[in-house]
Amino acid sequence: DLVRSRGLGDVYKRQDYVRFNNCLKSWLSTTNLSNRNEKDLQLDFFQNCLKIYDQHIDNRLKYTDGFKGIIFKALFDRLMPDFCLVDNYNSHVKSLSSGLDLEFLPLHIVSVLELKTKLKYSDVGQLLHYLGIILDYSPSSRSFILGAITDFRDIRFAMVRRSTDDDDQFKYEASLQAFQDENEYLSHYLTMFFTADRSKFGFCRLEPLPDNIRIDNRLLGIGANSMVF
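Numbering of the sequence shown is given in our numbering, commencing with residue 2 and proceeding in unit increments.
Keep in mind the hints are simulated off the structure, nothing from the lab. The structure displayed is predicted, hence computed values, not measured ones. Fair warning: there could be bad hints in the mix.
Straight-line C-alpha distance at most 20 Å; calculated SDA-like pairs for lysine to any residue [said to hold, decoys possible]:
no.: 1; residue 1: LYS117; residue 2: LEU51
no.: 2; residue 1: LYS74; residue 2: LYS172
no.: 3; residue 1: LYS52; residue 2: GLN16
no.: 4; residue 1: LYS117; residue 2: ARG79
no.: 5; residue 1: LYS117; residue 2: THR65
no.: 6; residue 1: LYS172; residue 2: VAL229
no.: 7; residue 1: LYS52; residue 2: TYR18
no.: 8; residue 1: LYS40; residue 2: VAL125
Label pairs and their in silico Cβ distance ranges [as the list claims (entries may be wrong)]:
no.: 9; residue 1: GLN170; residue 2: ASP41; range: 32 to 42 Å
no.: 10; residue 1: ASN184; residue 2: ARG219; range: 17 to 27 Å
no.: 11; residue 1: GLU174; residue 2: ASN213; range: 34 to 44 Å
no.: 12; residue 1: ASP55; residue 2: SER200; range: 12 to 22 Å
no.: 13; residue 1: ASN33; residue 2: VAL229; range: 40 to 50 Å
Backbone N, C-alpha and C define an ideal beta-carbon position, used for all residues, glycine too.
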């Protein structure tokens, strides 16, 4: 119901859906999920499924293992999400001149995907924590953020949204475990995560930064709603 209420299953490019779904099913059929190290599994999925689907996917999906960018570390502190779906638009130009990982500014993060070797109920709370951080530092025009977590046997979606009465108050929701047709449920909704319109994750692209702005690489501090350079 959570996924359907956000229309995630309704807006996607059919061609992209079919191509990704085929890549996912092929990878799942040839991958032994048992007794795998979590990082090894994540890297295998990134290289042998996602990169097969789109060799340039790392421009919009960031695998964060070992990443030490200034903004990324300041935003998430000691905990780090596994994958961040980003909309970098013109920030890569600013990033080249500043040396900053501007793709991890909250206003550029579309969603978060967590991969586990064995999904536990408590893991959804970790996903909600990441989503809450991103929404907290996002412009108030963003009313919600939707993310996903999976162990390739089950998949859960989670959402954090601003209260309609108070922008500073958040509400947390999560989907339930699938009880039937688990394989089709997984492949369909994991495919949807990568092919759905980004507005379905609550993301709205802001106007690009003016050409004459240059960003220095000194982080001055983090406030309630912004990071200051």
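Verification of the supplied hints:
Our distance criterion of 20 Å between C-alpha atoms is met by LYS117 and LEU51, whose separation comes to about 16 Å. For the hint linking LYS74 to LYS172, the alpha-carbon distance of about 25 Å lies beyond 20 Å, and the restraint is violated. Between LYS52 and GLN16 the alpha-carbon distance is near 17 Å, which keeps this suggested pair within the 20 Å criterion. Using a Cα cut-off of 20 Å, the hinted pair LYS117 and ARG79 holds, with the two alpha carbons roughly 18 Å apart.
Among the hinted pairs, LYS117 with THR65 is consistent with the structure: their alpha-carbon atoms are about 14 Å apart, no more than 20 Å. For the given pair, LYS172 sits about 27 Å from VAL229 by alpha-carbon distance, which is inconsistent with the 20 Å threshold. A C-alpha spacing of about 15 Å is found between LYS52 and TYR18, which places the hinted pair at or below 20 Å, so the restraint holds. Between LYS40 and VAL125 the CA atoms are separated by roughly 18 Å; this keeps the pair inside 20 Å, and the hint holds.
Range check, GLN170 to ASP41: about 40 Å between beta-carbon atoms, so the 32 to 42 Å window is met. The supplied range of 17 to 27 Å is broken by ASN184 and ARG219, whose beta-carbon atoms lie about 50 Å from each other. A beta carbon spacing of about 42 Å between GLU174 and ASN213 agrees with the range 34 to 44 Å that was offered as a hint. The beta-carbon spacing between ASP55 and SER200, approximately 20 Å, falls within the hinted interval of 12 to 22 Å.
The hint said 40 to 50 Å for the Cβ distance between ASN33 and VAL229, and at roughly 47 Å that hint holds.
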